[in-house]
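S.K.: The residues making up each chain are set out below.
There are 2 protein chains.
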Amino acid sequence: MAPTALPAEPVPTPVGPLKTKSQDESSSFSLQTQELQQIDVVLRTFRCLIADLCQQFNGGHPGGAMGMAAIGVALWKYTMLYSPRNPDFFDRDRFVLSNGHTCLFQYSFLHLTGYSHMTLNQLKSYHSARIDSFCPGHPEIEHPGIEVTTGPLGQGISNAVGLAMATKHLAAVYNKPGFPVVNNMTYCMIGDACLQEGVGLEAVQLAAHWKLNNLVVMMDNNQVTCDGSADIANSGEDINAKMKATGWNVIDIEHGCYDVQGIVQALRVAKQSADKPTFINVRTVIGVGSKVQGDAKAHGAAFGVEGVKALKAKFGMNPDESFVIGDDVYNFFADAIPKGQKAEQEWNNMVEKYRAEFPRLGAEFELRVQGKMVDDWRSLIPKKEDFPTTPTPSRKSGGLVCNPIVGKLGNFMVGTADLSPSVNMMWKGKVDFQNPDLRTACGINGDYSGRYIHWGIREHAMAAISNGLAAFNKGTILPVTSSFFMFYLYAAPAVRMAALQHLQQIHIATHDSIGTGEDGPTHQPIALPALYRAMPNLLYIRPCDSEEVAGAFITALEHTDCPSIISLSRQNVEQFPTNSSRHGVQRGAYVFMEEEDADVTLIGVGAEMGFAANARTVLGGKFGIKARVVSFPCQRIFEQQSREYKQRVLKYRSNAPRVVIEAYAVNGWERYADAGYSMASFGKSLPGKDAYKFFGFDGGLIADAVEALVEDVKRDGVESLRGEFRDLNTRGAPEH
Amino acid sequence: MAPTALPAEPVPTPVGPLKTKSQDESSSFSLQTQELQQIDVVLRTFRCLIADLCQQFNGGHPGGAMGMAAIGVALWKYTMLYSPRNPDFFDRDRFVLSNGHTCLFQYSFLHLTGYSHMTLNQLKSYHSARIDSFCPGHPEIEHPGIEVTTGPLGQGISNAVGLAMATKHLAAVYNKPGFPVVNNMTYCMIGDACLQEGVGLEAVQLAAHWKLNNLVVMMDNNQVTCDGSADIANSGEDINAKMKATGWNVIDIEHGCYDVQGIVQALRVAKQSADKPTFINVRTVIGVGSKVQGDAKAHGAAFGVEGVKALKAKFGMNPDESFVIGDDVYNFFADAIPKGQKAEQEWNNMVEKYRAEFPRLGAEFELRVQGKMVDDWRSLIPKKEDFPTTPTPSRKSGGLVCNPIVGKLGNFMVGTADLSPSVNMMWKGKVDFQNPDLRTACGINGDYSGRYIHWGIREHAMAAISNGLAAFNKGTILPVTSSFFMFYLYAAPAVRMAALQHLQQIHIATHDSIGTGEDGPTHQPIALPALYRAMPNLLYIRPCDSEEVAGAFITALEHTDCPSIISLSRQNVEQFPTNSSRHGVQRGAYVFMEEEDADVTLIGVGAEMGFAANARTVLGGKFGIKARVVSFPCQRIFEQQSREYKQRVLKYRSNAPRVVIEAYAVNGWERYADAGYSMASFGKSLPGKDAYKFFGFDGGLIADAVEALVEDVKRDGVESLRGEFRDLNTRGAPEH
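Residue numbers (full-length UniProt numbering), protein chains in the order written: chain A, 1 to 736; chain B, 1 to 736.
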């Protein structure tokens, strides 16, 4: 049945004066009575639909999605450019639902606007046991129409900043007068949480710093969180004043549950912003129309059978019918498909002319759109003989390998969390990604075409925004971040989101293990590798010298479906030109120094390889013990090798015990070794060499411990090692 | 030699009108000419000393410490109450150096004010190889005069919020008219980074929300970071306006390198703030006086021999002498010791009278000062027979165990990151920790005596501020935090800082593994346990039922020297009243179901114990295979047991293989098991039971896989298992 007419409640919204791109372009927008009535029907239908979808399995998050209905109408009907028949249309506006738990909001608009996968039947699979559902509890990038996976709060808003950056950058590189081939907006919905979570607060600083005027963040300001009134944990601040002080345009919408006209007008003003991102503070009522409207109870639970009936009665729908979407509602959105197809056709035509007019740039643009590299990166990787053979910090090797590639290939955007002098990721002639006004304002060079990013001291946003850069269009931008490895603990929630979303990016993590020295235990990672080695779909690669650094980059670049962390030393590490092999790295582990009838296998890892090699020498010279050495830069890659290869490297069932040597917690190495020479405590502030020494990392000490193990094995038989891992380093935990 | 006089550059600082505690208490402060001259000598001496300390080992961070010298004089000479002869004086003002890399700033003032451990010889151990140094590269809590370990940026400012909260809370509970037994201020220095890092931004929101008027944050605003001008990554915002909008008093100091008088005046105004924390924006010049002053080069490197000489010449010191501190400088600070002793004596006298006047409260206060529990918590732990025997979510068991204890014992402060309805940590009659104004302002109850904390959606600040609560005075406050386990990845950098600092706190991490269900892979931790199990000095405890939850709490409470994470299920888990044992938990692992001549040992963990028990039944019934079951809630505790105990549990060298069953990445379990039934991919959005099923967690499927393993062992011999871990779950990685 068609719902009976109820008065809508549109209220004109005051919009303050804003610096706009053009005074000519008008932002005025007004709806006629008939359209207001249609909107009224859509809002009521939409809200009852949400209630039904949550009620069927008695769960989910109805309140937010219902509260935001008018925002959705303003976006999908009157504002965003998108093509339901081709969700991946390159120049579409991007929409990010940072408050991902309200996913029914997005799913339902995808349904109404004609995304063919999102049938009503699919909508009903929300919270069901269907394994082929397109409606998981939070939006997932795998599914059409979803730009990024959201849910962990603060991530989506950061991704949105990255998406807007990507547009700015690509536009600066490729657009020509009359050819705005990259010209989309990014719209992001947030709840209260995304401006409480630190990563969101970092990201909004950067959006303002970069003057991302193509970014609009809309806050579903319903003043309700799980615990009740938002005031319970956020009474101190004036969010509008704060966003203004941070450098954003701010627009208020007072009656966000109904004022579609005001929201559209605000969005038009936002689109005309000359030099700032725009924050639209939309006051809504959570669960509007339900008996628990405005209450935390509307947040994360269904309304109950009676509650849903009451809602429908209030909204003039039949309480005894469920999942009712009238033809008038579908008709309202019926122009979405043709509009999208037209836009796409126009864009295709423009690109065709662009390619004719600018053949070189056009060809490159085409490659970027296809997500391909613009040139052959393999030829740019230095050869083994190009590297110094004297001890070299592997962070320096990182620069030697990475900088020529990223300097040449425009796909890369490389940045650092304020550690440019330490991480060696600057290439000759680099241009910073900056808003060009900064040049006149404070003499800082750079523009949007730049590809070197100063993230400030914001590791979490660095990784989270990079996820947005990578998600803009698969392969178009390959983000490289850099910081001390320890601070990738700050970044971890976003690094994880990249792994979950199969987004390629490379994290250059320098100053690993305890060799970093004087900065002390706060800066010396011990447990962090265990996290990244256990993380699905991520490569943690720890090369031992320059040649292995080359192998690490090749591996990271070849794996286009996952993020990689390349873990590098602050300090000099020995070079092993006769042993180390980039091809070995590409297999995860390989025989580094072979020895027939070896008494023991030493597994050397990364910056600690020198100790393994030295221990081998001592074992031979002092004890006549024959040690072979395996280099083991990446566990996950090794896991993907054949049983035969693994056997060749690890010699399962031989009589020689295997000892891993690494200045980290040993957890996880038990799979590959019988014993470990490792760290069981936090580190210590000492010069790097002394820190190693303090914790027993010394070829002689290691050799002594390994010799004792070999003796034990001779005495007790190799079977004595089964299932009882030995920790050989007695100095690894002197204090803690 | 005494330095020749140079003109100081004090500049009067405009201080805006502020709401003050009392109009009677004057904030005016002026220095006489003679004192200004003394200060001039101190500043010059101090700055040359810093340069010398960095130059000796050609490293360290001189610039910030030099720039902040006048701030230090204002704090240690004219503002802070402290007792160099008793650095732990209970009612001392707390000072936190959140920009911890400038640690020489603090070390040098500790030296000048007479902290006896901080000799000039010790100062010179900065960046040396001395293992007994009190001067590590970042301040460490182990050393006298250091309140918290800082270095990872954003942590210290958050700790400072916790320290100020502790004062507010204890004052509300214990102070009586005429007896301000808890009455200290907290001062925190920050650099540019702490208001870029998200955790710092979360913390300043909360400080304003709680109206912590006893907190002063001073920004060393030198506009220089490692990468150059701070504008390079932070041009968009007006920090003063932003802090005001966040709810802070803001005071500007224009000439922070010299204007001691202005800084002291600002600090006095801050101390009188009625209802806001105070932000003092101090403009300084990094490396002031050096040839690289104002430049990023002054940040993290020594000045070179000639650079130091030039500095000394400029400051009227002898360029050929090093580490010169004249008697006039020592004399300037000579009143610090007697002032501290007097303050301590007065406080002791007050507390003595207080105890006489309020015997019950006084006795309790005494216990709190000693860091003891105010009552016997052991008697408050429910007995096994108190628990339901029907399936129960272990998060519910968590509430059953925790709430009676925390309700009764004032030592506990318990909070949640906006998940009160989910984590079950509210006790009957709880009072929220809130600023009392909130009651009239928006009807939210609570006051500073309250012990239930609404952290908002700020997991990182929750943990970081809790570190400050715990660090206020060892044992006085025991913070309990709660959230979904997945979000302890957001909190991880702060949880790690607690482990590093030996701070006791309990993190209640609910919704663990994949049983959490519909929220999907974003909310299902897979790799996170590997991090926390590898982290030194932290207990990750995963109980399988209510009795084990009791054991987990007992274990966490007994370990007063480290943080614990108690990992709980969202969903119902089977109860094992005849098998589970709190005493077993206290040993990390124990025999859960014994079986003579077992063919296999199943290791069940936490919420997945039910699958282990079920698989055992199927193995016996379907295959005639005898399986014993071990419960393994905590690896770290188990590691501390004797070889004999471990042998009894794990039966090293028996012919029965051991299989661990857990819906996490298996990394690290290889130490205890020969095979694992685990997860190798991220999770999936499905109802909890269906998610388990989708990934093969089902007693029957597990039994089939274990049976195949047992057959393999019978055929190939148990030695075939040595060093080659078996992954038994073929459904653990269907997509990723």
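These are calculated hints, taken from the structure and not from any lab test. Mixed in with the good hints, there may be bad ones.
As the list claims (entries may be wrong) - Listed next, with one range per pair, are the computed distances between beta-carbon atoms: (1) B:T617 - A:R85: 51 to 57 Å; (2) A:G624 - B:P577: 55 to 61 Å; (3) B:R439 - A:V305: 52 to 58 Å.
Note that this is a predicted model, so its numbers are computed, not measured. A virtual CB, placed ideally from N, CA and C, is assigned to each residue, including glycine.
S.K.: Each hint should be assessed against the structure and marked as holding or not.
M.R.: Do the hints match the structure? See the list:
no.: 1; hint: B:T617 - A:R85: 51 to 57 Å; in the structure: holds (53 Å)
no.: 2; hint: A:G624 - B:P577: 55 to 61 Å; in the structure: holds (59 Å)
no.: 3; hint: B:R439 - A:V305: 52 to 58 Å; in the structure: violated (37 Å)
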